[in-house]
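Q: The task is simple: from the sequences and hints, build the whole structure.
Protein chains in written order, with our numbering: chain A, 1 to 350; chain B, 1001 to 1338.
Since the hints were made in silico from the structure, they are not lab data.
Be a bit skeptical, because a hint or two may be false.
[To be verified] Here are the simulated distance ranges between beta carbons: (1) B/Val1050 / A/Lys145: 20 to 30 Å; (2) B/Gly1282 / A/Lys30: 48 to 58 Å; (3) B/Lys1135 / A/Asp272: 19 to 29 Å; (4) B/Gly1124 / A/Asn339: 52 to 62 Å.
[Unchecked claim] To list a few chain A residues with every Cβ distance to chain B over 12 Å, as calculated: (5) Thr14; (6) Lys22; (7) Asn23; (8) Ile27; (9) Lys30; (10) Ser40; (11) Lys59; (12) Leu94; (13) His102; (14) Glu162; (15) Lys268; (16) Glu274; (17) Tyr277; (18) Val279; (19) Arg325.
By construction, the Cβ of each residue, glycine as well, lies at the ideal position given by its N, Cα and C atoms.
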Amino acid sequence: MIELKEVLRVLSETDGVSSCEKNPKEIVKKELKKLNVKFSEDVVGNLVAVKKGRLGTGKFMIASHIDEIGLIVTAFDENVLKFTTVGGFDKRILLGQEVVVHGKKELIGVIGSIPPHFFPKGTSKKVLLTEDLFIDVGLDEREIKRNVEIGSLVSLKKDFVELYSERYSGKSLDNRASVAALLCIFDELTRIKHDWDVYGVFTVQEEITGLGAVSSSYNVFPDAAVAIDVGFGKQVDFSPNFTTEIEKGPIIATGPNIHTGLKNAMIKIAEDYEVPYQVEAEPGTTGTDAEAIQISREGIPTTLVSIPILYMHTPVEVVSMKDIRRTGRLISLFVSFLNSEMLKGDKDAT
Amino acid sequence: MLLEKLSNLDGASGDEARVREFIQKRIRKYADSMEIDALGNLICFKKGRVKKPIVLIAAHMDEVGFMVTEKRQNGTLGFSKVGGIDSRVILAKTLRFGKNGTKGVIGAKPVHLLKKEEVTKIPGIDEMYIDVGAKSHKDFKDIEVGDYVYFDTCFEKISAKVVKGKAFDDRAGCSLIMDLFKEKFRMPLYGVFSTQEEIGLRGAMVIGNRLRPDYVIILEGTGAGDFPSKKDNSKSPFLGKGPALTVMDKSMIADKKLLELIIKIAKRKGIPYQLKQPGIGGTDAGRIQISRKGVKCAVIAVPARYIHSPVCLMNLSDYGNTLKLAKFVLKRLGDSGK
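A: Below you can see the structure in the form of structure tokens.
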């Protein structure tokens, strides 16, 4: 059995900013070895784990992106570093965060700005722009230039902590919660019989271009696919009508980016096996790996399952362990029931 | 390192007991007497071989933090600041409860869902909330209104000389007094660890009324100002350039003769020092100076960047030089006999 809490902790606390996903991949490889699952890396760095089915009826791809949002050094300014974001960071939450600068050496630093009482008179203290922020590693200009380069990546530094109700908070739960869920699936599949070959792909650079999903779906050329990502759980500062919540199970998406046959089959299995789930309407593209996978090669029946989290794209994302386990259970059951009927064109399938 | 333990302890204004107990336990063998007054100030005394001058060194134990003000039906907690914290450093931080270490986070709306006008706007503290993972108010367990909450920051050395942590303002000063008490001086010496500095220098108020020192030296962790892009504005105090001496801040003008003596000793002993930018901040000296018939006060401070935020940076050589300078100043005052 996979030690889910510990695996999620190390996955959350390690760093893997888009294009530099080595550390989380190493953690995943260690777990895959324990589960006796074979894996390889492709030319762009995707980690592809394969578990053959009894009959090899078809190929099913499960994609979880393994990269995280971060920062990148853009300039030196005396004793601090200027930066911009890699992926969609909320600028309002950066001040006062601890970071690791991945230069020639790893340097711990903080994101600072000039404190209000040191502001030149007359300048506004309220507005906060990225230009006002900088990274301070406590070294002088000469030492900084010896250790850091323009383009050095920067990750946030945050301890993974336990809250009440089996909820956990940390950084990069987008998308390490899904990485953990994919490991849960391989764990479940050691006990569940399945005919299809399963390709678990830990994709790179989802937060930037979706490179990993584009290339891996072309390479694997699956007959059907599911992307696992995180979704929004309702927060107290959301509209009261917001539908999806954490601890209410995986979110099954519906809409043009989603194959109806696969989605309906997934919902039926969730109902039959009493796995709590929620449905989310996605009227356009989903902003996940599912977007690229669906239009790969000649088109691939694709679906999306999201793990609801709070405070997405902040270093205090919150997830319920129950939702991760349920996602693992739902998709592994789905794998065991896969058949060509599910893949029929949309009208036939419904 | 004392500073490491002191920085990791949680103690905002009114919640200084943990810090006080830590100090009491360790300073006991170096003090001739110890007392805790009605405001929670810890007053330590070291007898001298001579009667005069009576010297008082002080540092405040409290730090800035938060307090739970509301337990809401929806499972979140409303909170207020204890002391001055820039609202821009609060969002998306992990917190811990002082009394039992329970963790919580200050949530933020995901950037994907922000309205255009919200992108550069920091919400008011009344719009923020603490999430401890409670599904409703029924899950709050032992959380009570009035509980103190702190940034969940750990002390760490990040390079050969620089450390990061919270509350260097003013655990640096507490640590200095504890180190100074290990020394021997000719004159009687009070070491005061004060309370409630961050909400208006309140602990120091009664210290000035109660004790009758001839000289007072406040030991502080003060904000460093050595940031780039400040154009013509002064950057003092710098990290790594020695103790910062106050000429004037918002709370007082330092005693000129005492300040001159400190500078003279620094020069003679070859200890680097810098003058703090006038007009910024305030310390317990502001209260003690105007107590009774007036007291000669000065401030010697270790500069730290980003005080009153989740994580500050301090240069250990500044700490060492501040300790050295304070020690020589005390020796000199003791030898002066008046």
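Q: Against the earlier hints, flag every one the structure doesn't satisfy and list their numbers going up.
A: As far as the earlier hints go, 1, 12, 14 are violated by this structure, in ascending order.
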